[in-house]
Amino acid sequence: MLFNLIRNRRYYFALSLLFILPGLLAMLYNVVATPSHTPWKLSVDFRPGSRFVLKFNSEASEDKIRAVFTQYGFNNPEISRLGAANENLWQVRTDVTEGDKVQQIRDTLSKSVAPLDEKQSSVESVSPKVASEVTRAAFQAVIAASLVVLFFIWWAFRKAPHAIRYSICAIIAMLHDVLIAAGMMALFGILFNWEVDALFLTAMLTLIGFSVQDTIVVYDRIRENLTRRRGEPFEQIVTRSMLETLHRSLAISLCNIFVMVALLLFGGASIQQFVAVMLIGLVSGTYSSIFNAVPLVVAWAERDFWGTKNKTALV
Amino acid sequence: MRERNLISLVIIIALSALSLYIALPVEKPDVIKSLAFWQDPRARDLQIKQGLDLKGGLQVLLTTSIESGQNITGTMETARNIIERRVNSLGTTEASVQLQGSDRILVELPGVNDRQLAIELIQKTGLLEFVDGGFSPPPDGTPISTTYSLYRGLQYPQTAAVGKAITDSGNITNTADLFQTAFTGEILENNAQPQANTGQFAVNFSIKPAAQKSFEEYTGKHIRQPLCMVLDGRVLSCPIIQGVLNSGGQITGRFTAEEARALAVTLNYGSLPIPMKIDTVRDIGATLGAESVRRSVIAGIIGLSVLALFLILYYRLPGLIGAFSLVAFALFSLALFVLMPITLTLPGIAGFLLSIATAVDANILVFERFKEELRGGRTLRGAVESAFNRAWSSIRDSNVSTLLTCVILFLFGNVFGASAVKGFAINLIMGIMMSLFVTMFVTRTLMRLAFYDAKPEMKENKVLLGI
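Just so you know, the protein sequences line up as chains F and R, in that order.
Be aware that the first sequence starts at 122, since it is given in this note's numbering, and climbs by one per residue.
Be aware that the second sequence starts at -7, since it is given in this note's numbering, and climbs by one per residue.
In short, the hints are calculated from the structure, not lab data.
Don't take every hint at face value.
[What the hints assert, rightly or not] In silico DSSO-like links for lysine-lysine, alpha-carbon gap of 30 angstroms or less:
#1 F:Lys222 with F:Lys240
#2 F:Lys185 with F:Lys222
#3 R:Lys363 with R:Lys269
#4 F:Lys222 with R:Lys447
#5 F:Lys232 with F:Lys222
#6 R:Lys451 with R:Lys363
#7 F:Lys240 with R:Lys41
#8 F:Lys280 with R:Lys41
#9 F:Lys185 with F:Lys232
#10 F:Lys240 with R:Lys269
#11 R:Lys20 with R:Lys41
#12 R:Lys205 with R:Lys269
[What the hints assert, rightly or not] One side only, chain R facing chain F, incomplete, derived with CB under 8 angstroms:
#13 Ile4
#14 Ser8
#15 Asp275
#16 Gly277
#17 Ile290
#18 Gly295
#19 Pro339
#20 Ile348
#21 Ala349
#22 Val352
#23 Leu428
For clarity, every value in this text was computed on a predicted model and none was experimentally measured.
Just so it is clear, CB atoms sit at the ideal spot from N, CA and C, and this is done for glycine as well.
Taking the hints into account, I'd like the entire structure generated from these sequences.
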């Protein structure tokens, strides 16, 4: 009975693939089929241009807004509605706008579309140079974070045999979570026009931290049991450790979910996407540390990825 | 041992009460404010500071157009100082001007009212000239050509480096449209001051000693004629010379208070040592964030209440202790935000909420261990000690890995002006430290007090300890 838990790893891995694949396809679709050729819809943080958030005091129409922007020489502004219809909140994406033009555009919008509530409106402009540098730095940050975590686990488990296995399996589980969150974001980009911004990057980087944190707690127990139960088959030690930490994993996961769901339901539009990504990542992180990171270590020790051969290994 | 625990309990209660007072949004007496001596005196109000995204305001990222590869660190620092002085003159107390990387300056002005004015003030790189206005001075704002801008011609050359005398050289063709530059902004002491004169506003200025003789001569010759101040080839204002001036004077006109202040700033810090251009502008409406804050706070309270309820139902007495620790955690963190001070942004709030999750995690790790140790046959007292000792290695290792990620996030946010990322990282780092402190001090003290002298029968009490 105890053995089957890890033995059945092929089902856990298959479930992971089932969730990763749609996201991957969505990312692929975005790269091939969208004009920007990026895996996600990028916000102004990563794509040069200006983003106007316009709060009108009364009903506005897309055509009227478009007319104003065309008048100022923007050929194809991307205009979309934010929030509910009665909020009269609009977003307009254009090429980079000069500082003094912004106020003129706002004044004209106020006159010819509908009175603008400047206190609830915002404008952001990012130049091509900065946007590309931020994007590059984002990738560097993810890679740097992964490497640091990899070496940290290797070091923290240096007394356990084959410490490198733990750190590599933890990184694989982490990449699993990153892939799922990134893929879902691409999917939501297609479905709900969600854009990837600096906050999304924050969410991803936190996920990395939490995914690894979760994994380390289980590994820590394996490390402890390896010395306490010398001589038992590796798979049995791992299964035992997994069961012993299961309560904690589920409890903490539930606690996180309570906070996240509350934020998602009541937290307002500006952090909704961020929280949604975090929630997906946290669930995925809990799953991957129990059902990917741990069986993978066993699979490596037994040289049996799918758990189909009848093998046991000592450490 | 019992005594030590009681002392710890008193410390915890005192710290919590103090933190509650600091974190509450009430006006604090000046005596208490002055205790926070490390904070900037102008912004020392001991309140939670809200960032640009919550409070609204202006964020401007400036870059230099100088080719990279040159060593411009010192020059950038000077430019930053000048911009900071200009921005501070606007009267916003929470303005921040930071160097980013080697060639950028990030200016943040929370709650600034006149954005247009602020942008102009930041952007002015200019050359300030005093120009002979002739008999019909050009209106304010007109672009004009001056002898100095064309061929460094000055009526009163100040030094060998600044300007040469205007001669009747033949190389000037269209003299009708050309204004004669008398002086550059170099002759001014950098101490111009706006002043209120019975409802009108004026700007006082003074002249460097070396230039006072020339200034006296010029104003004597051109009395009752306009003297135009020209910045970057654009007329700022053309006051009439009312008398012979020597060491300084006063510019009067139909200024608003705002304009008088801006003019004084321009006179003082007219030019930057290096050309800067605006790269990124974020202009966030003043009430856009207020709603988000309100909703996030409500959401946070709901989420945390459910969480506390879960802890109590699942872990019983230890869960109740955990819920108390969480309240202490929240109070300590908020007080720290006020004391540091840390400016709260939307991602910052998210980081704070996530750090609560870390604190919960540490507590849960301990409680699970506690149950295991009890099941393993230890006494209540032994189980408390060994729960903390054995949970420590996983608490430590998992938090260190999150900390490492946070440090990378912080560095990333710092270098690239992604202040959202930076705010998030700072709050999470602080939260993790705080959660370690709260778990190992508050939770431990309360657990010891609850279980050290408990009767052995309590171990069988399912209501108090859960399953």
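How the hints compare with the structure:
Pair hint Lys222 (chain F) plus Lys240 (chain F) holds up; C-alpha atoms about 18 angstroms apart against a cutoff of 30 angstroms. Taking the CA atoms of Lys185 (chain F) and Lys222 (chain F), the gap is near 18 angstroms; set against the 30 angstroms cutoff, the hint holds. Straight-line distance between C-alpha atoms of Lys363 (chain R) and Lys269 (chain R) comes to about 63 angstroms, which puts the hinted pair past the 30 angstroms bound. Using a Cα cut-off of 30 angstroms, the hinted pair Lys222 (chain F) and Lys447 (chain R) is violated, with the two alpha carbons roughly 77 angstroms apart.
Taken as a hint, the Lys232 (chain F) and Lys222 (chain F) pair is honoured in the structure, with Cα atoms around 15 angstroms apart against an allowance of 30 angstroms. A C-alpha spacing of about 10 angstroms is found between Lys451 (chain R) and Lys363 (chain R), which places the hinted pair at or below 30 angstroms, so the restraint holds. Using a Cα cut-off of 30 angstroms, the hinted pair Lys240 (chain F) and Lys41 (chain R) holds, with the two alpha carbons roughly 19 angstroms apart. Our distance criterion of 30 angstroms between C-alpha atoms is broken by Lys280 (chain F) and Lys41 (chain R), whose separation comes to about 46 angstroms.
For the hint linking Lys185 (chain F) to Lys232 (chain F), the alpha-carbon distance of about 11 angstroms falls within 30 angstroms, and the restraint holds. Proximity of Lys240 (chain F) to Lys269 (chain R) is assessed by CA-CA distance (about 26 angstroms); at most 30 angstroms being required, the pair is judged to hold. Distance check on the hinted pair: Lys20 (chain R) and Lys41 (chain R) sit about 15 angstroms apart at the alpha-carbon level, within 30 angstroms; holds. At roughly 37 angstroms between alpha-carbon atoms, Lys205 (chain R) and Lys269 (chain R) are farther apart than 30 angstroms, so this suggested pair is violated.
A least Cβ separation of about 22 angstroms between Ile4 (chain R) and chain F goes past the 8 angstroms threshold, and the interface hint is therefore violated. The criterion of a C-beta within 8 angstroms of any C-beta in chain F is not met by Ser8 (chain R), whose closest approach is roughly 22 angstroms, and the hint is violated. The beta carbon of Asp275 (chain R) comes within 5 angstroms of a beta carbon in chain F, closer than 8 angstroms, and the hint placing it at the interface holds. At a threshold of 8 angstroms, the smallest CB-CB gap from Gly277 (chain R) to chain F is about 5 angstroms, leaving the interface hint in force.
The beta carbon of Ile290 (chain R) comes within 5 angstroms of a beta carbon in chain F, closer than 8 angstroms, and the hint placing it at the interface holds. This hint holds: Gly295 (chain R) has a C-beta 3 angstroms from the nearest C-beta of chain F, less than the 8 angstroms allowed. Because the closest C-beta pair between Pro339 (chain R) and chain F is about 6 angstroms apart, less than 8 angstroms, the hint holds. Interface hint at Ile348 (chain R): satisfied, since its Cβ lies 7 angstroms from the closest Cβ of chain F, which is below the 8 angstroms cut-off.
The criterion of a C-beta within 8 angstroms of any C-beta in chain F is met by Ala349 (chain R), whose closest approach is roughly 5 angstroms, and the hint holds. Interface restraint check: Val352 (chain R) against chain F, minimum CB-CB distance 5 angstroms, threshold 8 angstroms, status holds. With 8 angstroms as the threshold, the beta carbon of Leu428 (chain R) stays out of range of chain F, its nearest partner Cβ sitting at about 13 angstroms, so the hint is violated.
In summary, the structure is inconsistent with hints 3, 4, 8, 12, 13, 14, 23 from the numbered list given earlier, while agreeing with the others.
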